[in-house]
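Chains A and X, in that order, are what the protein sequence lines are. Be aware that the first sequence starts at 331, since it is given in our numbering, and climbs by one per residue. Be aware that the second sequence starts at 331, since it is given in our numbering, and climbs by one per residue.
Source of the hints: derived by calculation from the structure; they are not laboratory data. Remember, it's a predicted structure, so these values are computed and weren't measured experimentally. One or more hints might be untrue.
To be verified - Below 27 Å or equal to it, Euclidean Cα-Cα: the simulated DSSO-like pairs (lysine-lysine) are:
no., chain 1, residue 1, chain 2, residue 2
1, A, K346, X, K346
2, A, K873, X, K486
3, X, K346, A, K873
4, A, K402, X, K346
5, X, K346, A, K871
6, A, K486, X, K897
7, X, K873, A, K871
8, X, K486, A, K897
Protein chains: 2
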Amino acid sequence: MAQVGRGIPRLEARSKVTGRAEYTHNLRLPGMLYAKVFRSTVPHGRIVRIDTSAAAALPGVERVVTGEDIRKVIPEPYYGPAFHDQPILALDKVRHVGEPVAAVVAADPHVAEQAVQLIEAEYEELPAVYDEVEAMTSQAIVHEVLKPAGTFADLKHLAGKTGTNVALDFHLTRGDTDKAFAGADHVFEHTFRSQQALHLAFEPFVAVAEPGDGMVTVHTSNQTPSFVRMEIARLLGWQENQVRVKVPLLGGGFGAKVYVKLEPLVVALALIVRRPVKVALTMEEQFYMITKHPTTFRIKSGVTKDGKITARECEVHWNGGAYADIGPRVCQKSGFTAPGPYDIDHIKIDSYELYTNRTPCGALRGFGIPQLVWAYECHTDIIARELGIDPVEMRRKNILREGRPQATGTKMKDAAIEQVLDALAEQMPWSKPFDRGTGVIRRGRGIAIGFKASISPTTSVAIVNVSADGSASLNMATTDMGQGSDTIMAQIVAEVLDIQAEHVRVMHTDTDITPYDMGTLGSRSTFHMGHAVRLAAEDAKAKLAALAAEAGLPPGTNYPPSEIFVKRYGMRAGNVIGSGTYIPTYQSPDKTTGMSENVTPFWMIGGTGAEIEVDTETGKVRVTRLVNVADCGTPINPRIATTQLSGGATMALGFTLFEDMVLDGGQVTNASLADYKIPGMHDIPPMYNELVDAKQSNGPFGAKGLGESATFGVSPAIANALDDAVGIRLTDLPMTPEAVLRALRAKEGRPLEDDA
Amino acid sequence: MAQVGRGIPRLEARSKVTGRAEYTHNLRLPGMLYAKVFRSTVPHGRIVRIDTSAAAALPGVERVVTGEDIRKVIPEPYYGPAFHDQPILALDKVRHVGEPVAAVVAADPHVAEQAVQLIEAEYEELPAVYDEVEAMTSQAIVHEVLKPAGTFADLKHLAGKTGTNVALDFHLTRGDTDKAFAGADHVFEHTFRSQQALHLAFEPFVAVAEPGDGMVTVHTSNQTPSFVRMEIARLLGWQENQVRVKVPLLGGGFGAKVYVKLEPLVVALALIVRRPVKVALTMEEQFYMITKHPTTFRIKSGVTKDGKITARECEVHWNGGAYADIGPRVCQKSGFTAPGPYDIDHIKIDSYELYTNRTPCGALRGFGIPQLVWAYECHTDIIARELGIDPVEMRRKNILREGRPQATGTKMKDAAIEQVLDALAEQMPWSKPFDRGTGVIRRGRGIAIGFKASISPTTSVAIVNVSADGSASLNMATTDMGQGSDTIMAQIVAEVLDIQAEHVRVMHTDTDITPYDMGTLGSRSTFHMGHAVRLAAEDAKAKLAALAAEAGLPPGTNYPPSEIFVKRYGMRAGNVIGSGTYIPTYQSPDKTTGMSENVTPFWMIGGTGAEIEVDTETGKVRVTRLVNVADCGTPINPRIATTQLSGGATMALGFTLFEDMVLDGGQVTNASLADYKIPGMHDIPPMYNELVDAKQSNGPFGAKGLGESATFGVSPAIANALDDAVGIRLTDLPMTPEAVLRALRAKEGRPLEDDA
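Use the sequences and the hints to build the structure in full.
Right, here's the structure in full:
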């Protein structure tokens, strides 16, 4: 029976609801200590002194550690996946409020917390900058010298640059936009902005480091175990096999838990005190770890009178916060899709990653694409409305079709953009007459469509192990954070080996044996690790066939593995170990033009349709229907895939209507779930979710990634629906009731401030 | 630099002395409960009733479990590697004092212990039998019906047999012994006996079972993880991949911890209470778990006047105790070497495994060989002395040489018996005049030589994993119990991959990924797993070469792996997974004649020379020099190999002079280390250890097993020295001062009992 395509429940579902599921938080090790973090209270300043004496004197405190202490075990304690700019504990300067400055280690976490309160630090404050556009020219320089990781050829030119907040800039030029603008019937230009927000996985950041003999074990809630291993080894100057990374299930990741976060700190602490150390952050501390890039995107289009876009200019400023993390790659790898899924001859993209004195910004579900789609789908919709063209027809007229070149020059393949558009239109349904209302409550509808490339090139390796009774186990570094990866990978193994998916044992990561994977991010796993898993299972299958031949069994018959093993070894004995490595073909974009003929192995396509109600007295927007459509090729597990649509859309809804990290003088004023509202049960609208009937021809069993696709179009679809309902156009996120009301009143000439 | 042949310290040495080494005893799991065992006080009886009510009522007791409760999670709760005869908790009958009858589970182990004291059991006692020869004909039948495991073709004929205590019998006939005896110049016949003794590893038995969702994890101090996995899966009726077995370092094994011991019990308890359960036995409880077979070996030789042995008849009765464990295989697989390493044309072997009402007997370092050598080397020495032939020359005249057929017909190959004999003679030195003394203290010397076949056929599988920086890790189910297997296997990997052995990471067993191995027993690992590891490393090496070719690197150059990975994947990424499986060629012995042309892939040879002092007033024997010589081919690590000689000899010394489990009416009267003396620091004689310069041509890098070789000849060498010193011949072990004195006085006609 085919295993791929079955909508089976997640394999770990029962263990999760019975409380048996393994999470890093549950880990208790003999002699384990807890550490709490002392954080900067200023957004930018030189460290004058840190007085830890009172903290160290508190009974029960094992050790108080500062950046200088860290240097004793890690001489060059700067980490990061793109730049080696982030100190484990602050050295010389602090660059954002909340930056870790010291850590207290104690057997009782409450004692550690108390001791943190006793630490005193003095800073010589420096001018700070918070806005991404301002940061381009500001005198407030966050990093005196740029420190790109030496391993990346394409970042080498940045090494040693001084006096700038531009960590990385990406440029793409195709055709001649100036000339095209000059010759266009219409030119439209708008600027859109998005806010700083965060992931808030149900399981906050947590990691435990256990010192061994000439090695260290790190237990962590992390999406990229192989990177953790490599980065910790690099920091310590050790071999990779001296670092053992163990990752059980994650209580959510969403991109927060990629690369390294707490791991360098717990490892350093464990090596200093020579005992296991655990650091588990509170919900409030999440606001100081990693967030979503605020953006300012100036977008300009040249259009014929019929609505054909002939040129598009994109200037994107990405606010990366105080440390690079993976921000530069957001700017670069998402940046090249800034014009949207449109067939445009003349394109100019200038994408800038800026340092500012905010909490660092990195990967958050969508990896920058939602911010881009926010801009280009609002902009494209405005154009449609101003030209009197139906929004759906406007998209249809301009979308990229099979074989046409995307901005980079890569020809589109297996990107079901039109199908997604058609499905949106059909499911709204767009053709039905829509009553916008006349009273206090007005109604509107809007659509938006976006796309994303898969990060490339990346490598994935998997092991499939068949035991003497024929039962199989899978070992891979893809981490299940609720997206169902364990389950779909088991289905792939089961498909190849012709067994039941529920009978495949999926082992969680232990890098002593779990082979390399680039990471569980960017919706890459189904495609990349899916291929590696398929190859590993095929390798195991081939080895079973070879074993049957060795055993003298006549070829061509499907012997049960248990029979093959007994025949070959004289008893139930033996194992077959299959392994598979997958890397797609790829061509690096040209350094100057940004062009590439093979920039990604697959495109993700996501579209949203929204129907809303607006209360014109309060400004409150209520989504009454949300249609989420995506192209994920042929899903491995349609049931799980569909939940990725509703989950992604719900997350994006929060960023659209509620969530915003509010800064005042660099302080995050709402660093608490009491003040920072995330979607609750009452906020979830009726949703219709559809995966279009498509096939990714180079994908494993026709499948490709999906995890982020439903996040692309939610914000602009709702903004477009708002425009449709009440004729106001918001260009900033979130679209709070206050923002809506302010815009309504401005339109009426009755400023909000005039209210008594 | 060559890695094989380096005498490097054990890789885990530092972690052991700093207390960081991982042992099952240290494991604490959230919610873990402890279980203590209630044991039979009678040697043989029907269970009339078990009253657990008082125990269950004790505050803090989670559950009290009996054999009937076990049936609810394991319907057929009988286990064992050869017979499925051993119940997890007693059902219907008890068959030895100390047999587990019930278990108490509590959060506090002291509460559990208290509750055990409150359990009452009533038995209808049955006639019992303790002696192996008596058991042949006794009316006291231990098992009403024989229950061989169905998976073994050669045991099938035993299934369902009733009314016998003979679990298995092995017979070998070559030539015509009766005729040869009739024609011999001299015929000698003696009977030798050995005692029940036990392993007493420093780390007592301990196991923890953790129930999961549709799976169970077993953490255990065990030498055969793959078997644990298979046996637990069989008992539960589950697939192998639903059972996860994790084994860290062992604090000694010596054969005690093979197959299953505590694991079925902890698994059953964990599934009943649905929480992790740990069972850790006390030192005293070791006496009721598993022991060494007592034996009675009647040996008869026909000899020419010049001392050539022309015929040998061996009748061996093995006392297997109340449950089979691996006893039947001791009887069978060691049984065929009963005539000794001698070139004898006419051979008859009858080897019987008997059930009795003692603690079960199984594998103890030597696997029955020491008991056989005890008999044949005393016997052969007596013959030499009676014929006036020098003991060394007697051996030299009769030993098997290259190409000659052993008892089974298998031609000897790479068995350096003569070299070992020569080394013994040289190191005593045998040629020097020896002063036996005239006073109260007399001196004597003796030699003995023995051999063992490697259990066959068996299968081993290993995985070698090379990371993107070139560092390597090894995954195999061979367990390091202090014999240095981690270290020598790392040396083999390092030799093949041309890296430093100290840089290879050896991962401990996790059967989710660790492939099958028959077991860490019988000195098989260096040879069998050594080959599998070599093959796995060679597979990894070949894959690296293929990767280099894929990367377009010109062939023929030795590229560092890190360079190959970067070239192929564009960054530091990827893994190479090598795997190897090894099974030697083999021919099963004929069912009737016991003949085989290929009964073992290698022979272990061990010889001992002893010089002793005897105090003729007290009977105390003091070993003044012990020469331990073995053939282990070309050792992978000479330093570790040498410690296997001194360690094995020390263990055998205990069995020779001190250790004896004393029974009275079936009760073990000295079940305590206060009363059962094991060798201490003061008992260790000056030792000279030598590995002869040899090569096992079919071994990995010329090596073969060694762990048991120094145990073979200690007892007979000392008995021969005693005969040499004072002319008394002890035929029973141990040779306590009392036994020596009794024999001395008997010789003088002054019975010990006459002393006031």
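Status of each hint after checking the structure:
1. A:K346 <-> X:K346: violated (37 Å)
2. A:K873 <-> X:K486: Violated - the C-alpha atoms of K486 (chain X) and K873 (chain A) are around 32 Å apart, more than 27 Å.
3. X:K346 <-> A:K873: This hinted pair is violated, its Cα atoms lying about 39 Å apart.
4. A:K402 <-> X:K346: holds (26 Å)
5. X:K346 <-> A:K871: violated (41 Å)
6. A:K486 <-> X:K897: holds (18 Å)
7. X:K873 <-> A:K871: Holds, because 18 Å separates the two Cα atoms, which is no more than 27 Å.
8. X:K486 <-> A:K897: holds (18 Å)
Hints 1, 2, 3 and 5 from the earlier list are contradicted by this structure; the remaining hints agree with it.
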